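Chain residues, written in single-letter form:
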Amino acid sequence: MSRRSLQNIAIVLLIAVVWPVARQIQQRFANESAPEAVESRTVVREVALLNVSYDPTRELWQAVNAKFVTKYESETGVKLTIKQSHAASGSQARAIADGLEADVATLSLWPDLDLLRKKALIKAGWEDEFPNGSVPYFSTVVFVVRKGNPKGIHDWADLGKPDTSIITPSPKTSGNGRLALLGAWGSVVLQGGSEENAREFVTRIYRNVPVLDTGARGATVTFSQKGIGDVHLAVESEARLEVRESNGELELVYPTKSIRHDPPVAIVDAVVERRGTQDVAKSYLDYLYTPEGQVVIAEHDFRPLDAEVLTKFADRFPKVELFTVEDIGPNWDAVQKKFFAEGALFDSIYQEIHRSDSAK
Amino acid sequence: MMPQKSTVASSTARHAASREDPVWVRVLLIGLAFLVIGVLIVIPVANVFYQAFRGGAGVYWKNLVSDPDTRHSIFLTLTVAPVAVALNVVFGVAAAWLITRFKFPGRTFLTTLLDLPFAISPVVAGLMFMLMFGLQGYMGPWLRDHGIKIVFAYPGLVLVTAFVTMPFIARELIPVMDAIGSDEEIAAVSLGANGWQTFWRITIPNIKWGLLYGVILCNARAMGEFGAVHVVSGHISGQTDTMPLRVEKLFQEYNNPGSFAVASVLTALAIVTLFLKIWLEHKTSHELAEARDVGVT
Numbered sequence: 000m001s002r003r004s005l006q007n008i009a010i011v012l013l014i015a016v017v018w019p020v021a022r023q024i025q026q027r028f029a030n031e032s033a034p035e036a037v038e039s040r041t042v043v044r045e046v047a048l049l050n051v052s053y054d055p056t057r058e059l060w061q062a063v064n065a066k067f068v069t070k071y072e073s074e075t076g077v078k079l080t081i082k083q084s085h086a087a088s089g090s091q092a093r094a095i096a097d098g099l100e101a102d103v104a105t106l107s108l109w110p111d112l113d114l115l116r117k118k119a120l121i122k123a124g125w126e127d128e129f130p131n132g133s134v135p136y137f138s139t140v141v142f143v144v145r146k147g148n149p150k151g152i153h154d155w156a157d158l159g160k161p162d163t164s165i166i167t168p169s170p171k172t173s174g175n176g177r178l179a180l181l182g183a184w185g186s187v188v189l190q191g192g193s194e195e196n197a198r199e200f201v202t203r204i205y206r207n208v209p210v211l212d213t214g215a216r217g218a219t220v221t222f223s224q225k226g227i228g229d230v231h232l233a234v235e236s237e238a239r240l241e242v243r244e245s246n247g248e249l250e251l252v253y254p255t256k257s258i259r260h261d262p263p264v265a266i267v268d269a270v271v272e273r274r275g276t277q278d279v280a281k282s283y284l285d286y287l288y289t290p291e292g293q294v295v296i297a298e299h300d301f302r303p304l305d306a307e308v309l310t311k312f313a314d315r316f317p318k319v320e321l322f323t324v325e326d327i328g329p330n331w332d333a334v335q336k337k338f339f340a341e342g343a344l345f346d347s348i349y350q351e352i353h354r355s356d357s358a359k
Numbered sequence: 000m001m002p003q004k005s006t007v008a009s010s011t012a013r014h015a016a017s018r019e020d021p022v023w024v025r026v027l028l029i030g031l032a033f034l035v036i037g038v039l040i041v042i043p044v045a046n047v048f049y050q051a052f053r054g055g056a057g058v059y060w061k062n063l064v065s066d067p068d069t070r071h072s073i074f075l076t077l078t079v080a081p082v083a084v085a086l087n088v089v090f091g092v093a094a095a096w097l098i099t100r101f102k103f104p105g106r107t108f109l110t111t112l113l114d115l116p117f118a119i120s121p122v123v124a125g126l127m128f129m130l131m132f133g134l135q136g137y138m139g140p141w142l143r144d145h146g147i148k149i150v151f152a153y154p155g156l157v158l159v160t161a162f163v164t165m166p167f168i169a170r171e172l173i174p175v176m177d178a179i180g181s182d183e184e185i186a187a188v189s190l191g192a193n194g195w196q197t198f199w200r201i202t203i204p205n206i207k208w209g210l211l212y213g214v215i216l217c218n219a220r221a222m223g224e225f226g227a228v229h230v231v232s233g234h235i236s237g238q239t240d241t242m243p244l245r246v247e248k249l250f251q252e253y254n255n256p257g258s259f260a261v262a263s264v265l266t267a268l269a270i271v272t273l274f275l276k277i278w279l280e281h282k283t284s285h286e287l288a289e290a291r292d293v294g295v296t
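First to last, the protein sequences are chains A and B. Per numbering that gives the first Met the number 0, residue 0 is the first one in the first sequence, and the count goes up by one each step. Per numbering that gives the first Met the number 0, residue 0 is the first one in the second sequence, and the count goes up by one each step.
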């Protein structure tokens with residue numbers, strides 16, 4: 000047989016194999032992207048929402064979405080799909096500003112959402128759109144240590160011990176990272192320490208951070224799965240999840256005082272107006288404040304606002320004296336500027352660490 | 000006679016022995032090579048499959064197909080990579096043609112530019128597209144007003160993937176086309192063939208194996224691309240997460256079996272690529288030898 004005819008046979012065979020597979024894929028895709036074509040008689044309309052959120056809320060939103068979608072579809076008859084995107088809070092704010100079409104932004108810190116207001120994507124006064132300053136739940140920063148707490152870490156001051164390796168994400172991108180720094184700062188200045196003492200303490204901490212991950216989940220993986228570091232400064236929900244998944248290898252440590260984490264939510268007006276999703280976005284975020292929504296929140300280790308739900312889940316949330324960002328600086332804008340802006344406190348601390356490291 | 004012969008034989012053996020290293024050195028070096036390859040390549044690759052199949056084939060299959068987001072990521076990679084490769088085939092052939100068949104000022108500069116995507120970090124490549132097409136970039140507002148989505152959507156994924164893998168095909172074709180030379184094409188033109196005829200009947204048959212080789216390498220890199228895609232994807236589960244991104248996400252969500260299942264598919268694709276590459280190398284060397292024989296006789 001000549002080579003040419005062999006080639007022709009090979010091509011025919013290839014087509015015979017590839018064609019059905021391609022058709023299968025195409026059909027599956029058609030079904031996924033356009034279900035109304037199949038069920039046009041039963042479903043009136045379909046809507047899709049994109050929720051752009053921060054790192055530790057992946058599991059929370061999966062649960063909330065499942066519940067809310069069922070509820071919404073049964074009440075309105077509209078088919079709803081909610082997509083999620085997760086990364087460090089600061090990076091996500093930047094992505095939305097770059098054009099990521101989020102219908103709702105549920106970020107970790109106030110300045111990240113307010114950046115979207117500055118970019119004219121969210122209307123001024125977004126804090127008043129939902130109850131409690133558009134903050135549907137709260138949390139705090141706690142410590143995760145290795146089994147048996149070999150380094151004896153019980154409170155913030157213990158983080159300054161020599162040879163204590165600390166894992167926390169980068170304050171430049173991550174909400175968790177910024178809160179950890181502010182928590183350490185507050186633990187000094189709110190107990191009578193001077194700003195100089197606080198700066199020295201924070202410098203000591205960051206000198207002992209071997210890896211600065213960009214996001215909270217990355218830091219969790221570094222600490223729990225890669226086994227780097229002696230203590231992980233994590234948001235409470237992230238810490239509890241990490242300890243649960245560790246099969247007894249990790250332990251939680253609650254400091255006596257810590258910083259209050261108030262993650263805000265907002266409708267991204269510029270996007271919902273163009274996509275016509277205002278109403279569904281509004282009821283989606285409203286759902287977080289219902290008793291049902293608050294229970295899902297508590298089940299995922301975020302502290303609910305609802306006093307009844309909080310009491311019901313009290314064993315999950317040990318009492319910690321919480322101070323706020325406002326206790327450290329007059330407001331978030333000032334704190335952001337003083338600590339995290341380009342060339343501000345964190346940058347100068349980091350440069351100092353690098354200088355002294357290279358001088359050694 | 001006999002003794003003499005044996006001295007000759009033993010002296011050749013001595014010569015051979017003096018040219019070779021002692022046995023223990025050879026064993027040590029070969030052993031070391033196997034050890035390094037084993038530790039750095041074989042064990043990690045085998046571990047991917049071990050982790051993926053830990054719960055049995057049934058669990059493995061379920062991890063791959065039961066999660067719609069994972070299913071979508073496989074589908075997305077299998078649609079992004081071929082489109083990026085197709086773009087690069089057109090571009091690569093055109094660029095190689097231009098560079099090997101024409102002399103013009105700036106030709107060397109163009110050849111250098113072709114390598115730029117190799118030199119630029121994929122993350123930077125992603126950011127470049129973000130600065131071009133992002134809402135805060137040069138074209139972002141215009142694109143939004145006209146309802147065109149590039150970054151955080153399928154076109155963006157294809158664009159960055161095509162950018163990062165751009166040099167593969169052109170780089171593969173330029174030496175091939177240089178070696179073949181333009182004699183056959185000139186002969187075709189002198190016999191009255193037009194441009195397309197020359198291209199389809201002379202150029203393409205001449206470069207087909209080199210082209211296929213480039214396509215295979217390009218496709219392997221396109222499917223595995225992480226950095227640039229990471230920047231422009233927006234990480235929307237079930238929408239813009241390609242397989243490498245999905246692997247990371249599942250790993251971060253404590254779903255190790257799922258993560259390794261997807262990783263094993265990527266690894267399997269890489270192994271298939273490797274075999275295709277070996278087959279093709281064998282095939283082309285065979286063909287080249289044949290062509291040489293024909294030339295000699």
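These aren't lab readings, by the way, just hints derived from the structure by calculation. Some clues are possibly wrong.
Unchecked claim - For each label pair, taking beta carbons as the anchor points, the in silico distance ranges come out as:
{"hint": "1", "chain 1": "A", "residue 1": "Glu325", "chain 2": "B", "residue 2": "Phe52", "range": "28 to 34 Å"}
{"hint": "2", "chain 1": "A", "residue 1": "Ala123", "chain 2": "B", "residue 2": "Leu112", "range": "34 to 40 Å"}
{"hint": "3", "chain 1": "B", "residue 1": "Gly55", "chain 2": "A", "residue 2": "Glu72", "range": "31 to 37 Å"}
{"hint": "4", "chain 1": "B", "residue 1": "Phe52", "chain 2": "A", "residue 2": "Glu72", "range": "54 to 60 Å"}
{"hint": "5", "chain 1": "A", "residue 1": "Pro209", "chain 2": "B", "residue 2": "Ile119", "range": "26 to 32 Å"}
{"hint": "6", "chain 1": "A", "residue 1": "Ile227", "chain 2": "B", "residue 2": "Ala32", "range": "28 to 34 Å"}
As the list claims (entries may be wrong) - Straight-line Cα separation of at most 27 Å, DSS-like style, residue types lysine-lysine; simulated pairs:
{"hint": "7", "chain 1": "A", "residue 1": "Lys160", "chain 2": "A", "residue 2": "Lys118"}
{"hint": "8", "chain 1": "A", "residue 1": "Lys66", "chain 2": "A", "residue 2": "Lys150"}
{"hint": "9", "chain 1": "A", "residue 1": "Lys82", "chain 2": "A", "residue 2": "Lys117"}
{"hint": "10", "chain 1": "A", "residue 1": "Lys318", "chain 2": "A", "residue 2": "Lys82"}
{"hint": "11", "chain 1": "A", "residue 1": "Lys82", "chain 2": "B", "residue 2": "Lys61"}
{"hint": "12", "chain 1": "A", "residue 1": "Lys78", "chain 2": "A", "residue 2": "Lys225"}
{"hint": "13", "chain 1": "B", "residue 1": "Lys207", "chain 2": "B", "residue 2": "Lys282"}
{"hint": "14", "chain 1": "A", "residue 1": "Lys118", "chain 2": "B", "residue 2": "Lys276"}
{"hint": "15", "chain 1": "A", "residue 1": "Lys225", "chain 2": "A", "residue 2": "Lys171"}
{"hint": "16", "chain 1": "A", "residue 1": "Lys281", "chain 2": "B", "residue 2": "Lys207"}
{"hint": "17", "chain 1": "A", "residue 1": "Lys150", "chain 2": "A", "residue 2": "Lys337"}
{"hint": "18", "chain 1": "A", "residue 1": "Lys122", "chain 2": "A", "residue 2": "Lys82"}
{"hint": "19", "chain 1": "B", "residue 1": "Lys148", "chain 2": "A", "residue 2": "Lys82"}
{"hint": "20", "chain 1": "A", "residue 1": "Lys256", "chain 2": "A", "residue 2": "Lys118"}
{"hint": "21", "chain 1": "A", "residue 1": "Lys117", "chain 2": "A", "residue 2": "Lys225"}
{"hint": "22", "chain 1": "A", "residue 1": "Lys82", "chain 2": "A", "residue 2": "Lys70"}
{"hint": "23", "chain 1": "A", "residue 1": "Lys118", "chain 2": "A", "residue 2": "Lys281"}
{"hint": "24", "chain 1": "B", "residue 1": "Lys276", "chain 2": "A", "residue 2": "Lys117"}
{"hint": "25", "chain 1": "A", "residue 1": "Lys78", "chain 2": "B", "residue 2": "Lys102"}
{"hint": "26", "chain 1": "A", "residue 1": "Lys118", "chain 2": "A", "residue 2": "Lys318"}
{"hint": "27", "chain 1": "B", "residue 1": "Lys148", "chain 2": "B", "residue 2": "Lys207"}
{"hint": "28", "chain 1": "B", "residue 1": "Lys148", "chain 2": "A", "residue 2": "Lys122"}
{"hint": "29", "chain 1": "A", "residue 1": "Lys66", "chain 2": "B", "residue 2": "Lys61"}
Bear in mind the structure is a predicted one, so any value in this text is a computation, not a measurement. Virtual Cβ for every residue (Gly too), placed ideally from N, Cα, C.
Each hint tested on the structure:
no.: 1; hint: A:Glu325 / B:Phe52: 28 to 34 Å; result: 53 Å, violated
no.: 2; hint: A:Ala123 / B:Leu112: 34 to 40 Å; result: 47 Å, violated
no.: 3; hint: B:Gly55 / A:Glu72: 31 to 37 Å; result: 35 Å, holds
no.: 4; hint: B:Phe52 / A:Glu72: 54 to 60 Å; result: 37 Å, violated
no.: 5; hint: A:Pro209 / B:Ile119: 26 to 32 Å; result: 29 Å, holds
no.: 6; hint: A:Ile227 / B:Ala32: 28 to 34 Å; result: 31 Å, holds
no.: 7; hint: A:Lys160 / A:Lys118; result: 43 Å, violated
no.: 8; hint: A:Lys66 / A:Lys150; result: 42 Å, violated
no.: 9; hint: A:Lys82 / A:Lys117; result: 25 Å, holds
no.: 10; hint: A:Lys318 / A:Lys82; result: 35 Å, violated
no.: 11; hint: A:Lys82 / B:Lys61; result: 22 Å, holds
no.: 12; hint: A:Lys78 / A:Lys225; result: 41 Å, violated
no.: 13; hint: B:Lys207 / B:Lys282; result: 12 Å, holds
no.: 14; hint: A:Lys118 / B:Lys276; result: 50 Å, violated
no.: 15; hint: A:Lys225 / A:Lys171; result: 23 Å, holds
no.: 16; hint: A:Lys281 / B:Lys207; result: 57 Å, violated
no.: 17; hint: A:Lys150 / A:Lys337; result: 32 Å, violated
no.: 18; hint: A:Lys122 / A:Lys82; result: 23 Å, holds
no.: 19; hint: B:Lys148 / A:Lys82; result: 17 Å, holds
no.: 20; hint: A:Lys256 / A:Lys118; result: 35 Å, violated
no.: 21; hint: A:Lys117 / A:Lys225; result: 39 Å, violated
no.: 22; hint: A:Lys82 / A:Lys70; result: 17 Å, holds
no.: 23; hint: A:Lys118 / A:Lys281; result: 21 Å, holds
no.: 24; hint: B:Lys276 / A:Lys117; result: 53 Å, violated
no.: 25; hint: A:Lys78 / B:Lys102; result: 61 Å, violated
no.: 26; hint: A:Lys118 / A:Lys318; result: 38 Å, violated
no.: 27; hint: B:Lys148 / B:Lys207; result: 35 Å, violated
no.: 28; hint: B:Lys148 / A:Lys122; result: 23 Å, holds
no.: 29; hint: A:Lys66 / B:Lys61; result: 24 Å, holds
Violated hints, in rising order: 1, 2, 4, 7, 8, 10, 12, 14, 16, 17, 20, 21, 24, 25, 26, 27; the structure is consistent with all others.
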